[in-house]
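Based on the provided sequences and hints, a complete structural model is requested.
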Amino acid sequence: MHRASGALLFLCIPLVILPLFALSVGSPESFASIQDWVANPLCKLVLLALIWGYLHHFCAGIRYLVLDLHIGNDKHTAQKTAGVVFGVSLALTLVFGLKLFGVW
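Last residue of the sequence shown: 103 (numbering that gives the first Met the number 0), numbering continuous.
Treat the hints with care, as some may be off.
[Stated by the list, open to error] Listed next, the in silico SDA-like pairs over lysine to any residue satisfying Cα-Cα at most 20 Å (straight line): (1) Lys-43 - Thr-92; (2) Lys-43 - Leu-8; (3) Lys-79 - Gly-96; (4) Lys-43 - Ala-59; (5) Lys-98 - Leu-66.
[Stated by the list, open to error] Cβ pair distances, simulated, as ranges: (6) Val-24 - Leu-68: 41 to 49 Å; (7) Phe-95 - Asp-67: 26 to 34 Å; (8) Phe-20 - Lys-98: 17 to 25 Å; (9) Ser-29 - His-69: 49 to 57 Å; (10) Ser-26 - Lys-74: 29 to 37 Å; (11) His-69 - Cys-11: 27 to 35 Å; (12) Ala-90 - Leu-19: 25 to 33 Å.
Worth flagging that the hints you see were computed from the coordinates, not collected in a lab. On a predicted model such as this, the values are computed, not experimentally measured, just so you know. All C-beta atoms in this analysis are idealised placements derived from N, C-alpha and C, irrespective of residue type, glycine included.
In structure tokens, the structure reads:
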């Protein structure tokens, strides 16, 4: 699952992010249209979901690197570290979300 989600996230770069970047640097009008589009709360929620996906994948990748060192392989510790990964990724997403929605 981690590899599949990583491949999906990697495919988002050339299919979504790079075209939006190219459009935003094309002209001042296209930059303004991207700004208007990103200001939409629904778009911000979609961006926040993508940010969570990247952050969760990153945190899980660190966990898998530690597991490859044979640290925390027993069931109890593995369950705890999975919860830690989920909690840390949510906390980091909250920080990004506060910035994205202009609260902080």
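Structure-based check of all given hints:
| no. | hint | verdict |
| --- | --- | --- |
| 1 | Lys-43 - Thr-92 | holds, 12 Å |
| 2 | Lys-43 - Leu-8 | holds, 17 Å |
| 3 | Lys-79 - Gly-96 | violated, 25 Å |
| 4 | Lys-43 - Ala-59 | violated, 24 Å |
| 5 | Lys-98 - Leu-66 | violated, 32 Å |
| 6 | Val-24 - Leu-68: 41 to 49 Å | holds, 42 Å |
| 7 | Phe-95 - Asp-67: 26 to 34 Å | holds, 28 Å |
| 8 | Phe-20 - Lys-98: 17 to 25 Å | holds, 19 Å |
| 9 | Ser-29 - His-69: 49 to 57 Å | holds, 51 Å |
| 10 | Ser-26 - Lys-74: 29 to 37 Å | violated, 56 Å |
| 11 | His-69 - Cys-11: 27 to 35 Å | holds, 33 Å |
| 12 | Ala-90 - Leu-19: 25 to 33 Å | holds, 27 Å |
Hint compliance for this structure: hints 3, 4, 5, 10 are not met, and every other hint is.
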